[in-house]
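Participant: Sequence:
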Amino acid sequence: MEGDIVQMGAFIGAGLACMGMGGAAVGVGNVAGNYLAGALRNPSAAASQTATLFIGIAFAEALGIFSFLVALLLMFAV
Numbered sequence: 001m002e003g004d005i006v007q008m009g010a011f012i013g014a015g016l017a018c019m020g021m022g023g024a025a026v027g028v029g030n031v032a033g034n035y036l037a038g039a040l041r042n043p044s045a046a047a048s049q050t051a052t053l054f055i056g057i058a059f060a061e062a063l064g065i066f067s068f069l070v071a072l073l074l075m076f077a078v
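Residues in the sequence shown are numbered from 1 upward in steps of one, following the numbering used here.
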C-alpha cells in the first residue's frame, strides 16, 4: 500500500515535470515568431540575427530537455 502511494506521487510529479516540455515548445515558437516578425520588417538585418535565433532556440529547448530528464528520473528512479 505504501509503495503504491510513492509510485503514484512519482507519476504525478513526472506529469507535472512534463508541463515544462510544453513551455519549451511555446518558448521556441515565441523565439522563432519574433525572429520572423523582425526579419519581415527589416530583411537586410535578418542575416546578422540568425545566430541569435539559434542560441535562443537552443536555450528554450534545453529547458524542455531538462524537464524531460526530471520526468524520467521521477518515473524510473523510484
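Mixed in with the good hints there might be a few duds.
Cβ-Cβ distance ranges computed for the label pairs, FRET-style [to be verified]:
| id | residue 1 | residue 2 | range |
| --- | --- | --- | --- |
| 1 | E2 | A51 | 50 to 60 Å |
| 2 | Q7 | P43 | 27 to 37 Å |
| 3 | L63 | R41 | 24 to 34 Å |
Rather than coming from a laboratory, the hints here were simulated on the basis of the structure.
Keep in mind that this is a model prediction, so the values were computed, not measured.
By construction, the Cβ of each residue, glycine as well, lies at the ideal position given by its N, Cα and C atoms.
Participant: With reference to the structure, classify each hint as holding or not holding.
Facilitator: These are the hints, each one checked on the structure:
1. E2 <-> A51: 50 to 60 Å: holds (53 Å)
2. Q7 <-> P43: 27 to 37 Å: violated (55 Å)
3. L63 <-> R41: 24 to 34 Å: holds (28 Å)
Hint 2 alone, counting from the list given before, is not met by this structure.
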